[in-house]
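Protein chains in written order, with the working numbering: chain A, 1 to 289; chain B, 1001 to 1338; chain C, 2001 to 2249.
Keep in mind the hints are simulated off the structure, nothing from the lab. One or more hints might be untrue.
Only pairs whose alpha carbons sit at most 25 Å apart, straight line, appear in this in silico SDA-like list of lysine to any residue [stated by the list, open to error]:
#  : chain 1 : residue 1 : chain 2 : residue 2
1  : A       : Lys45     : C       : Gly2027
2  : A       : Lys43     : C       : Val2050
3  : A       : Lys195    : B       : Ser1119
4  : A       : Lys45     : C       : Tyr2021
5  : B       : Lys1168   : A       : Met111
6  : A       : Lys195    : C       : Glu2249
7  : A       : Lys195    : A       : Asn250
8  : A       : Lys39     : B       : Asp1050
9  : A       : Lys39     : B       : Arg1242
10 : B       : Lys1168   : A       : Thr108
11 : A       : Lys195    : A       : Arg281
12 : B       : Lys1168   : B       : Ser1119
13 : A       : Lys195    : C       : Leu2238
14 : A       : Lys45     : A       : Gly177
15 : A       : Lys39     : B       : Ser1119
16 : B       : Lys1333   : B       : Gln1116
17 : B       : Lys1333   : B       : Val1300
18 : A       : Lys45     : C       : Trp2173
19 : B       : Lys1333   : B       : Ser1119
20 : A       : Lys45     : C       : Arg2022
21 : A       : Lys43     : B       : Ala1053
22 : A       : Lys195    : A       : Gly15
23 : A       : Lys43     : C       : Glu2249
24 : A       : Lys195    : A       : Ile285
25 : A       : Lys195    : C       : Val2185
26 : A       : Lys195    : B       : Ala1053
27 : B       : Lys1333   : B       : Arg1242
28 : A       : Lys195    : A       : Val24
29 : A       : Lys45     : B       : Val1336
30 : A       : Lys39     : B       : Gly1073
31 : A       : Lys45     : A       : Val166
Facing chain A, a subset of chain C residues (Cβ under 8 Å, in silico) [unchecked claim]:
#  : residue
32 : Gly2036
33 : Leu2078
34 : Ile2082
35 : Asp2247
Derived Cβ-Cβ restraints for the label pairs, each shown as a range [stated by the list, open to error]:
#  : chain 1 : residue 1 : chain 2 : residue 2 : range
36 : A       : Leu277    : C       : Gly2042   : 34 to 42 Å
37 : A       : Glu16     : C       : Arg2188   : 57 to 65 Å
38 : B       : Met1097   : C       : Gly2042   : 31 to 39 Å
39 : A       : Glu286    : C       : Gly2038   : 52 to 60 Å
40 : C       : Val2185   : A       : Arg79     : 35 to 43 Å
The beta-carbon is built from N, C-alpha and C at its ideal position, and this holds for glycine as well.
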Amino acid sequence: MSTQIHDLGYRAYAGERAGVAWAVRSLAVHSMRRILGLKRAGKHKIVPALTIGFAFLPAIVMIGIAAFVPAVNEFDIIRLGDYFGFISFALFLFTAAAAPGVLTTDRTSGMLALYLASPLNRTTYVLAKFIGIFSVMLLVTVAPIVFLQVAFTLVGSGPGGIVDFVASIARAIVAGGILAAALTGLGMFISSFPKRWGIASVAIVATMLIPIIVAAILTEGADAPDWVMFLSPPDILGKAWEHLIGDPVNNSLALDRLDSTLVVLAAIAYAAVFVGLTWWRYQHIEVDR
Amino acid sequence: MTTPPPPPSSPSQPPPPPPGAIAQPSPSQLQPIPADALVVVDRVSKFFGDIVAVSDVTFAVSPGVTALLGPNGAGKSTVLRMMCGLALPSSGTVSVMGQSPRSNPEIAAEIGLAPQQESVFGHLTALQFVRASAELQGVANADAEARRVLQLVELDANDQRFLPTYSKGMRQRVKLAQAIVHEPRVILLDEPLSGLDPRQRLHMVALFHELGDQGRAVIVSSHVLEEVERFGSNVVVITQGRLAAQGDFREIRALMDNRPRRLRISSDRPRVLASALIGEDNVSGVRFSGDHIEVDTNDVVAFARAIAPLSKRVEARLFEVAPLDEGLESVFKYLVGR
Amino acid sequence: MTAVEPRPTTISPVASIPAFYRVLLRGQLTRGRLFGLGVLAGISILLMFVGRGVAAFDREQASVQLLSDYSIALLIPLATLILATPMLGNLIEDRLLVYLWLKPVPRWHLAVAAYAAVVTALLPVVVVPIVVSAAITGFGGLIVPATLAAVLGVIAYSGLYLFLGVRFTWGLWLGLLYLVLWENVLSRFSNGMARLSIRSYLNTVLEQGTDVSIPLAERATWSSFLIPIAVAIVAVALTARALARTDIE
């Protein structure tokens, strides 16, 4: 063995560089962790835990009934199509917590400038944030229904046959995916304006609640035409979800009378518009640090 | 600020430390408070959950400029906040002019604070900000006083720009202006020279001294030693939440007798002189540094008496005998590194 | 510098509260917030025009229901949430409260000034549109109860949300949860829960003043006036207490 003194001073990194795709992945994972409060103090886990728990609650109730009281049809208690209505507040609150938490803080802390000084540009930054928020949104829009279908199948109340089972899972994924994409886009677009996450949260909730109330007042109270419901994104997203799940609710309201194909297309359009608006907003946002 | 003598020992008290040793502050040895002290911090501790931010700190501040010195995270800002009443001590007491700043809001009229944070009101100009501060302090002619102090800190009172557009140095000066507009007796400044250019620093330091000469207690918190040396020689050194030392930093240096003094000696025959110095009992180390010799000595007084005859004996001419570690940096390194 | 001049060590509320008020009010009326509040207020007026289009025998019911479902249920609490919670909450978050706190005044001066700033900012943004909305319906008997309900709502929500903003880092979120979960969902399940809903007292004022039956209006008449005021007084007192006890950054 020869005798050597090793140079332990500064050296530049000469290894492989993973590129923009890895940067996007890293930022998306970081955003997911932040939303769920992972690797943070316990208090940051409360809101996501409560909202996710609330989203699963009807499913747990239905499975409990199916498992322990087989004589009772669980769908007499909660219809699949009603699921969205039961958890809609949890969805709104989760969106109001998720998007501002990962977007406004980047602008107020100066991290956005640092991200844009990295291999990420404005488009890939928005993409990374979308992937992060969207992935977590799937926990409340897709996971409860998939959990429900799997559990029903295990207790013997689910779809008969492998084809029907796969179809039900696929419907849950598609329906929940469109819903998650639209809510993510809406949350991100609104969060791109205020610098305070609290104000962004209030704005998101207001944007969800006000159209529901206004559309209901116009169509039920003022006999406005049914197409006015297309101007209420939360209503359209919920109804599209019902149609895609395969169990639309019909209470003879204006929303229920709309053509199902148009409703689904409108929901997809809303998702695309919100995401597009977010991308546009971030092309023009001023980075001041 | 003077270092009071240790109290007489008694059977129930621990024996006083030997002469020259650095006094270890403890609850059982309460130092007499100077008669002119404006701020007294008495056995103050501050806990944030399990974190001890400040532990059993006791000192008094008299009129003049006093530097609150310590590394980042030492607890200086926490001590400053407790001195203003912004934070409640977990134990111990803080008094400003004899009153608790926490429970007596009236004493805020005698306290001026320029905090460390850079954030400012986004909707106010410099004049509006300082004038509002003056109004809330009950200053008569708030507008005129605001203009006067803004001029004092070399800012334009007629500038219509809002504060967020100001540079860091300008914000520092605005903060200082609002801290002194009501002419408080106690002025607390947290990192006040940060962001200022050299000329502005000189001007501000002169202002601090002027305020101190007027009988006010100006307490300046900093971890930048070059800044602190300009404020004067009174220091309170805090490290890891504890009081490490207080008083004139030169006197603190004199008390550090377990640490050799280092001197630089310039001579026409350095090697001959170095050989002779090694044989001296009070020399613990000799090294060459370029054309100079650096000597470590445990007894600087004896060394000072011995160096001239020694040089004469070896026929070496002395050009310079200068201390290398009399400055604040040396004191600081020693206190913080213990 | 000049020699120290004598000055009072405590400032009277007549001097300090207006000074606090001016600093606080100016800071909250940003363009974004005014735009958002304007949209909220504009919707209430727009909806009332719609109410006029309803067939005559439904018109009074529709108008009162509109006021309850939108103006009282959403406009007042949302607008208050946007202004009241950040009034002092933002100063705490931005570490600016020190400049207002370290003054020789009792803490209640600051709490009262903040509350006054919230209420006076909300009056033109919330109460005036509601009064205009009520006037648009054409029913003169709706204007007074609508105005009373709006004023009481502003009084109560302002105090509550101001306190939440000071006491809790997540004050705005707590206010949102109170609005969305408690007032719009849980209070419908029991009368007991409705007692803790400010909205139920405002609906009672509306129902008692118009003789039109609306949900969540089962409170006694005297309590529908007294409770919102009591909520505001207690909340402002708690705000002052929180300011006195909390550590300031």
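Quick rundown of the hints versus the structure:
Taken as a hint, the Lys45 of chain A and Gly2027 of chain C pair is broken in the structure, with Cα atoms around 32 Å apart against an allowance of 25 Å. For the proposed pair Lys43 of chain A and Val2050 of chain C, the alpha carbon gap of about 45 Å is over 25 Å, so the pair is violated. Taking the CA atoms of Lys195 of chain A and Ser1119 of chain B, the gap is near 15 Å; set against the 25 Å cutoff, the hint holds. Of the pairs offered as hints, the one joining Lys45 of chain A and Tyr2021 of chain C is violated, with about 37 Å between alpha carbons and a cut-off of 25 Å exceeded.
For a cut-off of 25 Å, the pair hint linking Lys1168 of chain B to Met111 of chain A stands: about 20 Å separates their Cα positions. Straight-line distance between C-alpha atoms of Lys195 of chain A and Glu2249 of chain C comes to about 21 Å, which keeps the hinted pair within the 25 Å bound. As the CA atoms of Lys195 of chain A and Asn250 of chain A are separated by approximately 41 Å, the hinted pair breaks the 25 Å bound. As the CA atoms of Lys39 of chain A and Asp1050 of chain B are separated by approximately 20 Å, the hinted pair is consistent with the 25 Å bound.
For a cut-off of 25 Å, the pair hint linking Lys39 of chain A to Arg1242 of chain B is broken: about 32 Å separates their Cα positions. Annotation: proposed proximity of Lys1168 of chain B to Thr108 of chain A holds, straight-line Cα distance about 18 Å (limit 25 Å). With a C-alpha separation of about 14 Å, the suggested pair Lys195 of chain A and Arg281 of chain A falls inside the 25 Å cut-off, and the hint holds. Under the criterion of a C-alpha separation no larger than 25 Å, the hint pairing Lys1168 of chain B with Ser1119 of chain B is consistent with the structure, at around 10 Å.
Proposed proximity of Lys195 of chain A and Leu2238 of chain C is contradicted: the alpha carbons are some 28 Å apart, above 25 Å. The hinted pair formed by Lys45 of chain A and Gly177 of chain A meets the criterion: a straight-line CA distance of about 24 Å does not exceed 25 Å. The suggested pairing of Lys39 of chain A with Ser1119 of chain B is violated, with an alpha-carbon distance near 29 Å, which exceeds 25 Å. With a C-alpha separation of about 24 Å, the suggested pair Lys1333 of chain B and Gln1116 of chain B falls inside the 25 Å cut-off, and the hint holds.
The straight-line distance between the Cα atoms of Lys1333 of chain B and Val1300 of chain B is roughly 20 Å, inside the 25 Å bound, and the hint therefore holds. Between the alpha carbons of Lys45 of chain A and Trp2173 of chain C the distance comes to roughly 14 Å, so the proposed pair stays at or under 25 Å and holds. Among the hinted pairs, Lys1333 of chain B with Ser1119 of chain B is inconsistent with the structure: their alpha-carbon atoms are about 32 Å apart, more than 25 Å. The hinted pair formed by Lys45 of chain A and Arg2022 of chain C fails the criterion: a straight-line CA distance of about 39 Å is larger than 25 Å.
With a CA separation close to 23 Å, the supplied pair Lys43 of chain A and Ala1053 of chain B stays within the 25 Å bound. Pair hint Lys195 of chain A plus Gly15 of chain A does not hold up; C-alpha atoms about 38 Å apart against a cutoff of 25 Å. At roughly 21 Å between alpha-carbon atoms, Lys43 of chain A and Glu2249 of chain C fall within 25 Å of each other, so this suggested pair holds. For a cut-off of 25 Å, the pair hint linking Lys195 of chain A to Ile285 of chain A stands: about 12 Å separates their Cα positions.
With a C-alpha separation of about 29 Å, the suggested pair Lys195 of chain A and Val2185 of chain C falls outside the 25 Å cut-off, and the hint is violated. Simply put, Lys195 of chain A and Ala1053 of chain B have alpha-carbon atoms about 32 Å apart, too far for the 25 Å limit, and the pair is violated. The suggested pairing of Lys1333 of chain B with Arg1242 of chain B holds, with an alpha-carbon distance near 15 Å, which does not exceed 25 Å. Among the hinted pairs, Lys195 of chain A with Val24 of chain A is consistent with the structure: their alpha-carbon atoms are about 23 Å apart, no more than 25 Å.
Proximity of Lys45 of chain A to Val1336 of chain B is assessed by CA-CA distance (about 39 Å); at most 25 Å being required, the pair is judged violated. Proximity of Lys39 of chain A to Gly1073 of chain B is assessed by CA-CA distance (about 24 Å); at most 25 Å being required, the pair is judged to hold. For the given pair, Lys45 of chain A sits about 33 Å from Val166 of chain A by alpha-carbon distance, which is inconsistent with the 25 Å threshold. A hinted interface residue such as Gly2036 of chain C counts as satisfied when its beta carbon comes closer than 8 Å to some beta carbon of chain A; here the least separation is about 7 Å, so the hint holds.
Given the 8 Å rule on beta carbons, the hint for Leu2078 of chain C holds: about 6 Å separates it from the nearest Cβ of chain A. Hint status for Ile2082 of chain C: holds, given a least beta-carbon distance of 6 Å to chain A, under 8 Å. The restraint placing Asp2247 of chain C at the interface with chain A is violated, with a minimum CB-CB distance near 18 Å, outside the 8 Å limit. For the pair Leu277 of chain A and Gly2042 of chain C, the supplied restraint of 34 to 42 Å is violated, since their beta-carbon distance comes to about 21 Å.
Range check, Glu16 of chain A to Arg2188 of chain C: Cβ separation about 60 Å, and the 57 to 65 Å hint holds. At roughly 55 Å, the beta carbons of Met1097 of chain B and Gly2042 of chain C sit outside the given window of 31 to 39 Å. The given range of 52 to 60 Å is broken by Glu286 of chain A and Gly2038 of chain C, whose C-beta atoms sit roughly 23 Å from each other. Restraint check, Val2185 of chain C to Arg79 of chain A: a C-beta distance of roughly 19 Å breaks the suggested window 35 to 43 Å.
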